[in-house]
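Enquirer: Those protein sequence lines, which keep their order, are chains A and B.
If you're matching positions, the first sequence starts at 11 in the working numbering and goes up one per residue.
If you're matching positions, the second sequence starts at 13 in the working numbering and goes up one per residue.
Don't take every hint at face value.
[Claimed, not checked] Below, a list of computed lysine to aspartate or glutamate pairs in the EDC-like style, where the Cα atoms sit at most 16 Å apart:
id: 1; chain 1: A; residue 1: K240; chain 2: A; residue 2: E265
id: 2; chain 1: A; residue 1: K127; chain 2: B; residue 2: E54
id: 3; chain 1: A; residue 1: K241; chain 2: A; residue 2: E265
id: 4; chain 1: A; residue 1: K127; chain 2: B; residue 2: D50
id: 5; chain 1: A; residue 1: K127; chain 2: A; residue 2: E138
id: 6; chain 1: A; residue 1: K199; chain 2: A; residue 2: E68
What the hints contain is simulated information worked out from the structure, not anything from laboratory work.
On a predicted model such as this, the values are computed, not experimentally measured, just so you know.
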Amino acid sequence: MTTKRVLLLLGVISAVLLIVGFVVGAVGSRMFGIGDSFLSQPGIHLPPDPVFPASVREDAVGYRVAEKKTEDKAHGEKESHHGLGLMQFAVTNTMLSAWLTSVIMLVFFIGGAGRPKLVPTRLQALVEMLFELVLNFASSILGPEMGRRAFPVVATIFFFVLFNAWIAIFLIPIYQAVGFGANVGGEFKLATHLVRPAGTDLNMPLALALVSFLFVEYWGFRAHGFGYLKKFFAFGDILRGRPSGLINVFVGLLELVSELVRIVSFTFRLFGNMTAGEILVIMITFLVPFVATQFVFGLELLVGLIQSVIFAGLTLVFLSVAVSHEEH
Amino acid sequence: MVELGLNVPSLISYLVNYVILLVLLAALAYRPLLNALDNRVESIRESLAAADRAREEAATSRSAIEEELNEARREGQRLLDQAREASERYREEEMARARQSAEEFTQRAQADIARERDAAINEVRAAFGDLAITAAERIIRRTVDRQTHQELIDQVLVEGEQALRRN
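Construct the entire structure; sequences and hints are all you get.
Expert: Right, here's the structure in full:
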């Protein structure tokens with residue numbers, strides 16, 4: 011069978027699945043009045059679900075089942091919090107996803123770069139290409155020497171965000187299908203997913219934002235010593251009796267606020283994009299199952315790449331500003 | 013924030029996860045590969061420099077070889093010219109010598125012939141003088157008739173001829 015025929019066959023199958031998906035999905039089933047949709051309405055929960063220890067998970071599942079019954083009775087009722095407390099420890103499904111991503115990253119990168127050869131293998135060539143992309147990116151912003159120094163931290167952030175996003179997309183059938191069930195209204199349903207993309211957990215972007223913040227501030231202090239603080243607390247002119255120094259004080263405070271706000275912006279940019287992506291995939295799968303989701307997958311691959319570039323790029327830019335010797 | 017899922021143990025867990033990942037990747041992936049890339053860059057730079065050196069050396073030795081070849085060619089031509097000149101000179105000398113030798117030989121031969129002829133003439137002359145004297149002596153001593161006279165002359169002629177043959 012020629013490639014053309016295979017592609018034609020796949021195209022026909024995709025078109026059929028698209029039509030069937032549209033008919034049996036939430037939109038088609040309501041439009042044509044053929045009863046319940048192929049997939050039940052997914053629940054959107056922003057906090058990650060605890061999976062271990064079992065007692066915490068069962069608490070969360072029990073809470074959700076009860077909540078589901080309440081929602082069934084009164085649609086549109088505001089969702090109440092049922093996740094972990096601020097200081098409560100549990101292994102969450104997003105944490106498992108991050109660990110899985112970390113293991114895959116370690117296997118991939120150490121396998122490709124652990125014992126480098128002068129004539130590279132295919133895996134080594136791929137890893138070299140990825141490293142050089144990030145290294146050149148860092149060097150283009152910070153210069154060769156500083157780019158090399160910043161490379162490990164920035165590359166780890168970049169690849170962690172990218173791998174988390176992409177692995178979640180490639181493994182989404184497993185992510186969506188594997189979990190812990192519960193009896194909801196006499197029917198056994200999936201109540202908690204075993205793994206969920208780590209980017210959808212606020213704590214993961216926040217952790218990376220803190221790493222980025224601490225890294226930038228560390229290099230700021232290393233480059234300028236305690237003089238780095240003058241950027242934020244510019245009282246020099248005021249103490250010398252110059253009234254115009256008030257402007258500097260105000261600008262310094264603005265700098266301080268913007269420095270701290272970066273943590274928030276870093277966190278919510280990644281969290282928002284990853285969560286929105288997951289919700290989009292789930293909702294499209296619910297509305298038009300089967301192949302329509304493929305278009306969203308493509309979009310999400312791009313979003314994952316963009317977010318990782320933005321996270322790494324902004325860290326590099328902030329680092330460049332922090333270590334530059336311009337007068338602030 | 014707790015409604016969004018903020019959880020301090022999770023945050024710490026992600027930070028620890030990141031640090032472990034960073035340390036492991038830095039030690040086992042970033043450093044070895046970046047060092048290997050540096051080594052490769054250095055090796056390529058050295059290879060290119062060596063190739064340039066080799067190219068320059070090749071160009072230098074090619075010009076040296078060409079120069080040597082030209083020198084050898086010139087030397088060969090010079091030797092050939094010398095040999096040609098020497099052979100020409102030798103040929104002319106030998107020709108002159110041969111010509112001179114032939115002339116000398118001819119002159120000697122002519123001198124010998126002239127001498128031999130003169131000697132022969134002198135000898136004949138002397139022999140005939142002797143014969144005439146002998147014949148006259150005999151004529152004077154004996155009175156002979158015509159026939160005896162003739163016989164005496166014949167005898168003298170025969171003797172003279174014999175004497176000539178002997179000489």
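Enquirer: Take a quick look at whether A:K127 and B:D50 sit within 16 Å of each other, Cα to Cα.
Expert: holds (12 Å)
Enquirer: Is the straight-line distance between the alpha-carbon of A:K127 and that of B:E54 16 Å or less?
Expert: Holds, at about 14 Å.
Enquirer: Hey, A:K127 versus A:E138, does the alpha-carbon distance stay inside 16 Å?
Expert: Roughly 11 Å between the alpha carbons, so the hint for A:K127 and A:E138 holds.
Enquirer: Is A:K199 within 16 Å of A:E68, Cα to Cα?
Expert: Holds, at about 14 Å.
Enquirer: Between A:K241 and A:E265, is the straight-line Cα distance small enough, at 16 Å or below?
Expert: holds (7 Å)
Enquirer: Would you check the hint for A:K240 and A:E265, treating anything up to 16 Å between C-alpha atoms as holding?
Expert: holds (11 Å)
Checked against the numbered hints listed earlier, the structure breaks none of them; every hint is satisfied.
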